[in-house]
Structures are given as structure tokens and as C-alpha cells.
Amino acid sequence: MTQFLSLLLNGISLGAMYALIALGFVIIFKASEVVSFTHGSLLLLGAYSIARLSEPLGFLLAAVVGIAITALAAFVIERVIINRLRGAAVISLAIVTIGVDIILLTELIRRIGSDILNVPHPWAGGSVRVGDVGISENRLIAIAVAAVLIGLFFAAFKYSNWGIAMRASAEDGETAALMGIKQGRVSALAWVVAGVLAAVAALFLVGSPTPGVSPSTYAVALRAFPAAILGGLDSTGGALVGGLLIGIAEAMAAGYQDQLLFLGRGFSAVVPFIVMIAVLMFRPSGLFGTKELTRV
Amino acid sequence: MSESTLTEAPGAHPSGVGRPAPAGRRRSWLRPLLLVLGLVVMLALPLYVEEFWLRTGFAAAGAIVGAIGLNLLVGTSGQLSLAHAFFLAVGAVSYVYVSGEPGGLGVAELGGLGLPPIIGMIVGVLLAGLAGLLFSPLAARLRGIYLGVASLALVFIGVHVLNSWTEVTGGFNGRSAPEFSLFGFTFGNRDPELYVLEVPFREAERLWYLGLVLALAAYLFARNILRSRPGRALQTLRDSEVAASVMGVNVQGYKARIFLVSSMYAGLAGVMYALSIGSIAPESFGLELSILYLAMIVLGGLGSVNGAVLGAIFVSALPLVFQRYADLIPFVGGGGLAAGEAARFLFGAAIVLVILFEPAGLAGIANRIAGRFRRPGGRVTEHPPDTPTRTSEPSPSDPPAQGSTT
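Chains A and B are the protein sequences, given in the same order.
Residue numbering for the first sequence follows numbering that gives the first Met the number 0, starting at 0 and increasing by one per position.
Residue numbering for the second sequence follows numbering that gives the first Met the number 0, starting at 0 and increasing by one per position.
Worth double-checking, as some hints may not be accurate.
[Stated by the list, open to error] Per the computed footprint, the stretches of chain B lying under chain A, defined by three or more beta-carbons under 8 Å from a beta-carbon of chain A, are:
no., stretch
1, 144-151
2, 154-167
3, 221-234
4, 284-297
5, 307-313
6, 351-362
[Said to hold, decoys possible] Partner residues aside, some chain B positions facing chain A, computed with beta carbon under 8 Å:
no., residue
7, F344
8, F346
9, G347
10, A348
[To be verified] Anything over 10 Å on all C-beta distances counts as not near chain A; from chain B, calculated:
no., residue
11, L34
12, L36
13, W52
14, G111
15, R256
It is worth saying that the hints were derived from the structure and are not from the lab.
What you are looking at is a predicted structure, and each value in this text was computed from that prediction instead of being measured.
For every residue, glycine included, the Cβ atom is placed at its ideal position computed from N, Cα and C.
Isolated chain B, as found in the complex:
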């Protein structure tokens, strides 16, 4: 609907561009072209880029999956959840247990089913979903902030279980995650040795493609949900539960289902996290992780899938980049701040600034820049600076990719 605000803008006669054609028709070939170009660059990247960036990319892909999931819950449906870390942990632990080999690690006797990793991944996603479903009766009864604090409980209970249930989780020290493999093709350094254009394709390169595929799938799935009946129902539910139920939306049912979907996303993100780090430990799944995910979707722009992607890349890559280039960035490294601290200061400040001044987040900023490109004359203000949960409809920043060709 807000799509129309972009296309049928009154001042859409850019003198500089000299083509008064409606923006809609122009985008019909420009956008797919850009998408294809972007995809080609992404696919070719492992040929040129060093390992660090590929690993960062995979970590970011995991974060993207998780952030999209959380955004469906918090941004689209207005259910504040701080339990995301818990669902990530469920996914990660299930994967490690189902696909890991049983064996001793020091004093701890570790269990494991030794099943193929793809099964571990699926089980991880399903179990995380199940955990979400189990929590959803409580979640559906609680409103807004009560839910936020109640979900806090899951994180602490989760960390406690991770610490105590040594047989499965490896306890305090955690345990290592098995390599991913698909039908005999491992995503590790060997087995089979692989060279593409004389570039050795090792773990980082292989995981990069895995991350790309999973993140893309997660992205498309979320966009399709948002653009279909459930998506509209959820947005109505966010804006007013009463209005939603009057319109025939099953409020409890939708709340439970979006919790299920969101925690399945988190489960997949957890599996990817385990793969990216190579191991799991209780301390990685604490409140801090939940807050980081919250930071991602707030910075990206609540309710926008594109925003979640941008926010996830920003938040997950920044500390790694800081760490790597510590000596190049002023105030960081040496006598100044540690990389992690600098990143945290930045996130904190960014959250506050975004909520104060740009409730639509990075997606809103990107949108405005794009809008200025389209119409050099006028500034675009699709986002009145109101409450972020309300202004941030997903539609303005998610114009259909192919939809306008019809």
C-alpha cells in the first residue's frame, strides 16, 4: 500500500534524469538487474576475498536468519521477546547433540547420536520451534512488556540448563560442533579437496555458500509471509488486538504461530552459530545475545525484513572488523578501548539515537536515499517520526522484486 506513495509521487518529473516515466516501470528492469548483479558478486566473492571476510560473512548470515525471525515477532507482531538467545541455544544444542559423536571430553561423558548433520540441523530447527510452541500459551496471555520480562526468564533458565546438563551440552566448558556435511560433501577443509579456478575451496568458502543459501531462503520466506494474509493479520494485531479480532483474526492462534515461526528461525540461526564458531558454550547464549539481536532489528528498522538484514550484518560484523583492524581505527586497540567494548558503545549509542531520531532505522535511511535518487526534487518522508512500532511497516522498504512486471 505504501508502495503507491513511492510510485505516484507528484513531483516525479526529474529534470536531471530527463525521463518522466513512472518510477514503477523503470524499476521493473533495474531492480532484477541489480539483484542478479548482487547475486553474482556474492557468488564470486570467495574467489577473491580472504578467509576472514568469508567467515565474517557466514557469521553475518546466521545473524541475518536470527534477526529476520526476531523481527517477525517483535517488529511485525509487536511481541517484545528477550528469549531469542534461548531458542538459538535450543537449536545449537540439538544440532550438536544429534550430529555429534558420543565420547568423553576430560571428565565429562558426552552423549551424541552421530546422525548426519543435515538431520541435526532439521531437528535443531524443529526442537527450537517446539520450545517456542510450548512457551506460546504463556506468551499469548501476556501483553507487551510483561511478555518481554517473562521471556527474560527463559534466557536465564536456558543458561542454567546449558551449564548443568553436561551429558548433552558439555556443561560449563561447552563442546565442539560437528562439521556440516550434505550427502557426503563436507563443509570442512578436506573431503573432497576442491579447487575452483585454482582457488582452494576450504571450510570458509564452503560455509559462505551454505550461509548464502540459508539466508536467502530465510529472507524470501519471511517476505512471503509478510505479503500474504498472515502478514497483514499480524500487523493488524500489532496495531490493535481488538481491531484484529473484530476483523476475524484469531489473535491467540496467530500469536502462537508467529512464536513458532520466529523460534524456528532462531533454531536455524543457532545451528549456524554453532557451525560458525565451531563449538558451543553456555556463556554465548546469555542475555547479551538476546540484546544483540534486539539491537540488530532496532538498528535495521523494526518490521522491515531488509532492515533486519542490514542490522544483522552491521551488528555481527562490526566487532569482528574492529578486532581485525584495531590498530587502524582511532581510540580502539592499544591504550584505547578493546574491540568488543568499542563495538558495544557504538551499539548502545546507535540504539538510543535510532529510537530518538530515526525510528525506521537503517531501512528507513536507505529508503530515503533511494527515494532521493528517484526524485532529486523532493525529500521522501514515508516515515513520519512517530512510534517506531507503528511507522515501520515492512512494505515501504520491501518493494516487490518482480511483482511490478505484471
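With the rest of the complex left out, here is chain A:
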């Protein structure tokens, strides 16, 4: 039971990170109809810049600058490439982000090389015990930060001008444009927000118990894909639920891997994808996604 609770807590923490990344996917998709395959390298960019800058700048400043760099990168990608392709087919947009991802990822991996970069979190590798249930401090803080950010995000999405503009243009881009909502600005801002969310997730993902920044940080974003998809690509609430679901499933599979050994070592990394396939079998647009209607 204690093991179960501790796994659950870790799963929630991991899921909160996935939810942050998945929220990024979802708002980009809502604002610009793009499924961003660049997210993996954006995540890695965030982690890399925070780790590299934390020596000269100190942790806090490095984190802020690193997040800003990632947001800037997302902004540039949107302005230079995505914005020119407004209205193109979803598939070509997805492919173009794959192209960007290849470039960015190659450069980052080249820079990282064989170094193991560490982010010197002030909370280091400490852990907290609540009764018998233990969790690393990093993961606990991650939950708190993610909760705050997600709360802020939903509030902004509901009440701020940007949120309203964004929901309007997701609902019906043309009408929104006629109402004076600048599509380009909405989309650019969505990319910036997604960049910030990814960088924040990266900040915690490279902390204890994971060992530092490495090219495998990239794979985390790929596992957040299932989170966004199974929640429904156009549902922000779905991203949250999907993220938590995926995080808990993965943590459980990792925790009980001795019992699951017949499925092979490292099975937990595949679990998000299996969950996604299982959900899509029954609900092709995810749990909360709007069903595509066809009008003849």
C-alpha cells in the first residue's frame, strides 16, 4: 500500500509535467492548427540553456533566462515559418515542424555531446516523507508549480482578453478575424506560452530523480504526445487529465516493473503509447476532443 501511494504521488508529479507539455500542444493546435513536433527540441533547449547558464548566472536567473530563451525560440519559429503557412494542410504543417525539430535537435545534441549537464536546483536531491510515503523534493515542488501554472493558465484562458481571443479564433477563425482579432498575434502568443510551459516542465524533469540533461530528455516530450492526444487535441482540460493519466500509468509500470518483467525491461517508457492506443480504439478523437462532424 505504501508503495502504491508513493508511486501514485510520483505519478501525479510526472503527470503534472506531462500536462504542462501537453497543454502547450493543445493551445498551439487550437491557435494555429499545427501539431507541433518541435516540442521535443524546445524542451531540450529549455533544459540545456538552464543548465549551461546556471553556472555564470546562478540558478534562479538561469531559470528565468532559460525559459525566456525557449519562449523566444518558439516565437521565432511561429513568426518565420508557421505564420507564412497559415491555412496549409495540417499534415504539411506537422511535417514542417518535424523539419525544424531535426535542425534544432541536431544542434543541441551536437552541443551537449557526451557531457552530462546538471541543473543545480537549490533543493538538490533531498526528499520528503509523509508518513511512510516518500517523494523527492524536486517532484513535490514540481507539483506545486505545475498546479499554480495550470490554474493561472485556465484563469487566463477563461477571463483574459488573450484567452477569449484565442477561444474565439479556435471556434471560428474567420469570424474572429472579422471581429478584429489578430490571428497572427493569437497564434504567436500561443507558441510563446507553449514554449514557457515546456521550459518549466524541463526545469523539473531534469532534476532528481532523473540524472541531468541528456538527449533522452527529448523523448519525454514524445511521451507527452499521447497525453495530448488521449485527452483530445483540442481540449485543454483533456490535456490535464491525459497528462495525469499517462504520468500515473508510467510511474506504476516503472514501480511494479519486477512483476511486469515478462513484458521486457524498460516497459514503462512504452506504457503511455499503449494507453493512448487503447483509448483511441474506443474514442477516435480522444476522451474530451470534439468529434469531427461532416456536413454534406
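Let chain A serve as the given structure and place chain B on it in line with the hints.
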């Protein structure tokens, strides 16, 4: 249909060429001649070219087969799939298991059926097709981008299975692929020793011909599909599922069948990959491979078979050429970029540029150059710069080879 835009162009009275004959009639002898000439050059190449180029050629042939298959799925039918690496892996593993000998490799106890390689190849293709068929009920339910991400799952599951199922796949370290042979003639270095015009025909030379035959077969098959009823049905399906089903196209059925065909192509490409590398390992069948295949068809031009061929040659040969001539190319090798990195930068940039500026890809560029040759006066713009999935009909770049003789 777009064929007509090429032939009956208004400004087709080239002053320089001085022959106002319709382009169609001229092509009727020019094109087969070029084809025959090209074929002769291809057949004679092993007599003159060194081994490196022949090996690269075989790798490219494998890539061509795979790219044509993926293009049928993504380009022609508009089903984004990132699972191509998985189907390649199914083909490669089946071949290695069916034709490989059982035996121990270090700690791992490897199984193998030891059947003739041609059977291994056929089983590889069939099993890959079966895998595609099993996935297709899910694929047929999902639209566009959902399918793209769902297919991502297959790649990761595939790599996991490759790593875990040691008995069949050799596990983390992989296992070596048996040499190909056909009715006692091995495609290896010996058995029988073979000299043609005093040039020793060893593994590379023999595989070159194998690759040539398989790639050609794959090419013709795909073109015939595209030019027949299923091809038109698939293009209609890509442009609008509703319109397709109104016209009497069985949408689900066609989606399932094109998935089957495409994954069989991938299976063959996987077998050829195993033969070209000489071994298989889990890491070769990761997401990166899927993305490379996607790069091939995007660079070549979505929906065009010729484009897939061009893209496959470009993407598969470039890293090898970079590696070999690293010291001759600026910025590559020594203090600069590693060959693989340089190639990846180039692919990434090329994908972005192609989607931004030339959605019809290499095939579109080739077509335009060909068009300029035909009519020095006018620029040809059969491809309005619209969304690539729509503009890239296969027909403009695939004019019939013999069809116009009738």
C-alpha cells in the same frame, strides 16, 4: 489529366527547336530511348564503378522501395504515418529469423528457421503486410493528425519489442542478417566465383542488380496502382472523404488496403535494409528512420512516385557521400560538423524550405526544368503553390512511358 496541360500548351512553338510538332508525338520515341539508355547505364555500372557506389546504390534501392510505399500512404491517400520504421522492422526481423540459423551469440540463445532467404524475404513482406492490416482498423477510424500520432506509438512499441524479444531479434545488440541467395546463387562474395569481362562480381555487384530489380518492380507496381481505379479512388479519398464515399468509394476498405500495401512495401524495404547493412539492431528502427522516410517523400514531392525515387536517393545517399568525402566538403569533417550531423541539418532545412517554397518537391522542380526544355518560351506552372497534399497529383510528374504511342 494534367498530362494535357503539358501537351496542349498554347505557346508550344519553340523557335529554337524549330519543330512545331506536338510534344506528345516527340516524346513517344524520346522517352523510351532515354529509359533504355538509362537502364543500360544502370546495368553496366558495376563494371566501372567502385564498390562504395554500388553499396550506396543498394541502400538507395531499399530506400526507394520504402519511400514509394510511404508515399502511397501519405502522399496519395493523405494518411500521415510515422510508423514506417515499425513495418520496416517487422520485415527485417522476419527475414533474419526465418532465414537465419539458430545458434548462440554470446549469452543470447538465438532462434532461427534456416529456410531459404527468398522464403524469408516473402515472409518478411507478408508479415509486415499483416502487421499493417492489424493496425488498419484503428488507422481507418482515425483522421489525419490523430493517425500520425497514434502511429508514433507503433515505433516505440516496436523498438521495445526488438530490445526485449532476444530469441528472435538478438535483443539490444541485434543479430546478423543471412546472405541472400536465389536457387543456389548466393549474393555474397563467393559461391560461385563470378567474373564478368574480367571484373570480379562480388557481394556489392550482385546486390546492385538485386536492388535494381526490386526497386524497378516496386516502381512499376506503384505506378500501375496510381493509374488505375484504386489510385483515383485514393486521391479522391485524400481530397475529401465525403466526396469519395458519395462517388461510391469504400472509404474504410481503401484505407485498410492502402495500409496493407504500404506496409508490405516497408517490409521489403526492411529486408533490403537488413541485407545492405548485414545486420539488424533495435536502434536502427527508431523514430529517426520514420522521419527520414518522411523527409524522402516530402523532399521528393508528396504523391509523386518519381519524386519518392528522387527523394529516397537523395536522403539515403547523402550521409554516405558526406562520410566518404568529408575532407572535400567545406564545414564537414575535421573541426567542423560530423557527416551525419551535416546531413541532418541539410534534411531539416530542406524539409522546411520545400514546404515553404516548393510543395511539389524535387519532382516539381524536375518537372519544371523538363517543361522549360520543351517550351523555351514559357515557364510551366502546373503546381500552383497551394497545400502540398493537394497540388501534388502524381500524374504531372509521371507521364506515361509507352502510353502515348497508341
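| field | Violated hints, by number in ascending order, as checked against the structure | value | 3 and 5
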